[in-house]
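Enquirer: Protein chains in written order, with this note's numbering: chain A, 1 to 332; chain B, 1 to 332; chain C, 1 to 332; chain D, 1 to 332.
Honestly, I wouldn't trust all of these hints.
[Stated by the list, open to error] Derived contacts from chain A toward chain D, CB cut-off under 7 Å, selection only: (1) F138; (2) D139; (3) D227; (4) V228; (5) A231.
Hints in this document: simulated from the structure, not taken from any laboratory. Glycine included, each C-beta is placed from N, C-alpha and C at the ideal position.
4 protein chains.
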Amino acid sequence: MLPVTATNPPFRITRASHVSLFVTDLGASRDFYRDVIGLVVTDEDRDVVHFRGLEEAAHHSLTLVRRADGPLADRVGFRVETDEDIDRAAHWFAANDVPHRRVEKDHQGPTIQFADGVGTHLEITSSMDVVDRKMQRFDEFHAGAPQRLDHFQVVTHDVQGATDWWARLGMRMSEYTAKDGTEELWGSWMEVKGNTHDLVFTNGRGPRLHHFAFTVPDAGKLIDAADVAGALGFGEEIDRGPGRHGISNALFLYLRDPDQHRIELFTTHYQFIDLETPPIRWDVSDPRRAQLWGMPASARWFFEASAFPEETVHEPLLTATPATLEDYLQLH
Amino acid sequence: MLPVTATNPPFRITRASHVSLFVTDLGASRDFYRDVIGLVVTDEDRDVVHFRGLEEAAHHSLTLVRRADGPLADRVGFRVETDEDIDRAAHWFAANDVPHRRVEKDHQGPTIQFADGVGTHLEITSSMDVVDRKMQRFDEFHAGAPQRLDHFQVVTHDVQGATDWWARLGMRMSEYTAKDGTEELWGSWMEVKGNTHDLVFTNGRGPRLHHFAFTVPDAGKLIDAADVAGALGFGEEIDRGPGRHGISNALFLYLRDPDQHRIELFTTHYQFIDLETPPIRWDVSDPRRAQLWGMPASARWFFEASAFPEETVHEPLLTATPATLEDYLQLH
Amino acid sequence: MLPVTATNPPFRITRASHVSLFVTDLGASRDFYRDVIGLVVTDEDRDVVHFRGLEEAAHHSLTLVRRADGPLADRVGFRVETDEDIDRAAHWFAANDVPHRRVEKDHQGPTIQFADGVGTHLEITSSMDVVDRKMQRFDEFHAGAPQRLDHFQVVTHDVQGATDWWARLGMRMSEYTAKDGTEELWGSWMEVKGNTHDLVFTNGRGPRLHHFAFTVPDAGKLIDAADVAGALGFGEEIDRGPGRHGISNALFLYLRDPDQHRIELFTTHYQFIDLETPPIRWDVSDPRRAQLWGMPASARWFFEASAFPEETVHEPLLTATPATLEDYLQLH
Amino acid sequence: MLPVTATNPPFRITRASHVSLFVTDLGASRDFYRDVIGLVVTDEDRDVVHFRGLEEAAHHSLTLVRRADGPLADRVGFRVETDEDIDRAAHWFAANDVPHRRVEKDHQGPTIQFADGVGTHLEITSSMDVVDRKMQRFDEFHAGAPQRLDHFQVVTHDVQGATDWWARLGMRMSEYTAKDGTEELWGSWMEVKGNTHDLVFTNGRGPRLHHFAFTVPDAGKLIDAADVAGALGFGEEIDRGPGRHGISNALFLYLRDPDQHRIELFTTHYQFIDLETPPIRWDVSDPRRAQLWGMPASARWFFEASAFPEETVHEPLLTATPATLEDYLQLH
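Start from the sequences, fold in the hints, and give me the full structure.
Expert: Here's what the structure looks like:
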């Protein structure tokens, strides 16, 4: 059943904002995001590197944290509008038994960390240190020239549960996949900032972070990103694309970092603001949902994702026979 | 003095939505917007043609209306979130002596027409008929492949007054131009949808509609638009561009239609959501505000715009010596 | 052993020029090349359709011929400089026991058909009817906007033999693949017009036409081509790409027509004129020769090609173990 | 009268190859061509900097030479096919009273310097040191990512004389401008390498080098070049473009270096090989010859060019009234 989005959510989330990853070789990962992807290093020290996209005035949208014991996702971050929204969120989390805690984070305003209904590790903050937008330093553009963080995709064992949980907070579904002839949700694209998605849930073993996505200025820059990856020896770290998603209309390219965290670069999402516009439904068996064109995604694109520390990964509630799943994934 | 944006506006405007123009030769103008610009004709009859951008699900974002007595702008339109916002707007307009009237418009939900504090003719509506998004009918893309209406620019005699008026309704300034060393506003870029602007006011004889703008997917499509204009004999109807605005970072191209109404095609505005980010100030004498690069705009780009019917055009409150003005406009 | 190109060839070939294909459903194939690929129909009748690229002044570069008994390649064509070169060619073919015959072809000057040393069906002509270049009719550009025919790739059982045969006619090798540590030729890129290739031979069951290639203006148009293919239901007829070849540096996209003939669209070959520049060697085991980046090619890209009528297909002289071949082809 | 190109020229020129410029501030000029334009520095010392395009295997295509007394062009260079062509050229120059001398140049094979019939300073060489093509070092691409030198444009007092002189050497006219209703040549586009031009002569005070041109990969990179120029403070050194030439179909951008030498970056010339294709004629009064679209060129684009040392500049043989000239140049 499709969720009904709260028009008066308990606090106002404004956008997907930032992501933090644990990495095993901080130097190698910094080089990857700076040289292969083209992100801007805002600052770095022995244990942490903060990056932002070229147009971003916020201090960081990607943070790498050194951690010896393997490639895990730390948490994904959203913005709320004001400090009061942080207070309202704390109140609502408490009232709804959502595990959460206030934390102090460098370069961020008031911040709360929490887990959503399916175990995704998150935080919200109401502000960040303001830094220079680099969007007119074209002489510093490199590779795909990523402009800003746009959204996250999370694999979850319970897409319906996750979708309902976030709809209460004002997230609105723009597109979804459902088992043919049913409303059994296999994937849910949800947004709060007026384009197609800030947060996506897809069916599988979860919670795990499938990818985070940055915009690039255009198709030419997407090809530049692939070319630079190829030139620097990361050509085989493209695990999907270039291709065109049916869902969201993105022209996409996915790359794996040295710890196999996955970043998407993309263009051409569309505006999604007017309330009378219904979400677009795709049958899960429709291959065009995944790609209007493009060579098949690799199996690792479908099955690999980054777990969160100490969070149990659940088997999906919805299952398919192996043959049907292969069909869904177009793996053959 | 910079305006303080109302965080709890009396009604919720969501985006720049649609524009209506009076044209003297409906067939010629329809051909222009369909064949030279690449907009989609949603429907047309003897007196009216409705267009939309390729990604738009709303029935129309540009309407041409046949009218014998000359090329005037009819009005620009915004969306509000819900029908209740229309009621709230009516109440607020009445309470604040804003001239307004409810009207019935085909293909639109409840609609109110009004004039803002500087005489701009406007309307707001809460919904439109939903039609197919054409964004994946790439076989029908043509010329610049314009995706959606993005913003309006209005010439006004009183930029400060206009800016204050709209700030009360929740519009927020992203960038502005001011006379060097002062806060004397010469131009104001205001937004409500989370990118750099929905509505721009610049200093001059007004109110007059300077242009309305559609997004195109990328730089390549902007060049395609110019090439198609050239091939169809409209090469000299480009009155500015291609070039890069300092303000808003747009890569832009401006064209004049057969009645000399002006349309902008552009890419690469940036996201503007976080409240801690201050507006960017540009001295009016700084040539980089207008163009980081690009051949000089034509004089007609600076001085020509479309008046509204029966609305008095006022001389600007702020003036400059002719020599200074030439400097500001880089006309030499 | 690398061939020594004749600096005074017996007649002067100037460029790859045209290709003729047998098709089983002429209407379906015409629609494909016109609507999905974007070629210009020069003329057509019940049995034959002539196409050209948008910049081409020659009457045809692709000809489709109706034929009931299956999808075969007819022949590939080259230009020679003058009518005298046709006479010289006839003389040389006779002197060297090359099977050939003079033919009358509509829209072509003096023409000779022949088979090269490995059985490829070819023809040469010295001129064609001159028609309008459409390169500035940007309003008629569609899909990838293919500009001109550039080269052919032929699968042959004897790459060394084919290479030697053409070197005597003045073709020069720009790049080649050889078995690691040897000069055993697995692929040969040969040119006469000053860029990387007019004619390519690769090792396999042959002679068969692997593909013919048209240039597109840029990366954006390559993506447009894929998008239009997707929109018109031909997304799965892309059997390789987009990707970047190591050899020749092409950004490429391959599509199959309704009879499974293969067309390549590409950009960014490089100039190859100066005699002091040696050919670039790639080990056949080097995956970067095939792709600097890009998802794996389909198996059908490697194994399917169009035979010529009544021409025996030979098993390749060079072979590899199945495992090695899989390695070479990166099929796993 | 149109020239008849020699089909058996006395020696074989293969392409426009390299240009040498005198500059007053070697460091500033090196920074410009490396950082603003994106050329590769092959080597440099206190007095000379050699550059090449990203795809070029030849040691240099642009050489800057320090010289105190002002911004002069040194000479433009062409390639001949073999050392024997150098000998044949020497013989022909002697037989035809062409001022010339053999010189030793670092990194070049046998070289002859000479002046053509209208005083242009030139040299020919048969080879250069071979260096790495950088075309697949996408990580080093910058600004417009210029790939290779393509052609030169020279202002001459005698376009007909210059054209006749070069036709004898095998150069072939692809396009030309002539006074309306006459064959009075105002501009001549001549080629030897199979695209639209290697050498252009236009009417005016000459001989002076108007510009040299490098290819860029596509429209996106042309915009990148402009953006980088803008970001580095060279936005006003664009003295024409972006725009689309009618002649040659180039999408163009012209920039001035710190000594006001002019470089063109462009895409999309077309193939010009077949002998049956006549040159395209443009009336000099036809504004589409110069631009299918684009803002007017600056006056300095029309009137400024780089003289050669100690070479007399002649007034043009063909003149027009000032008003007509303004029309031709579209300066108003």
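Enquirer: Give a verdict on every hint.
Expert: How the hints compare with the structure:
{"no.": "1", "hint": "F138", "result": "holds, 4 Å"}
{"no.": "2", "hint": "D139", "result": "holds, 5 Å"}
{"no.": "3", "hint": "D227", "result": "holds, 4 Å"}
{"no.": "4", "hint": "V228", "result": "holds, 5 Å"}
{"no.": "5", "hint": "A231", "result": "holds, 4 Å"}
Violated hints are absent here; each numbered hint is respected by the structure.
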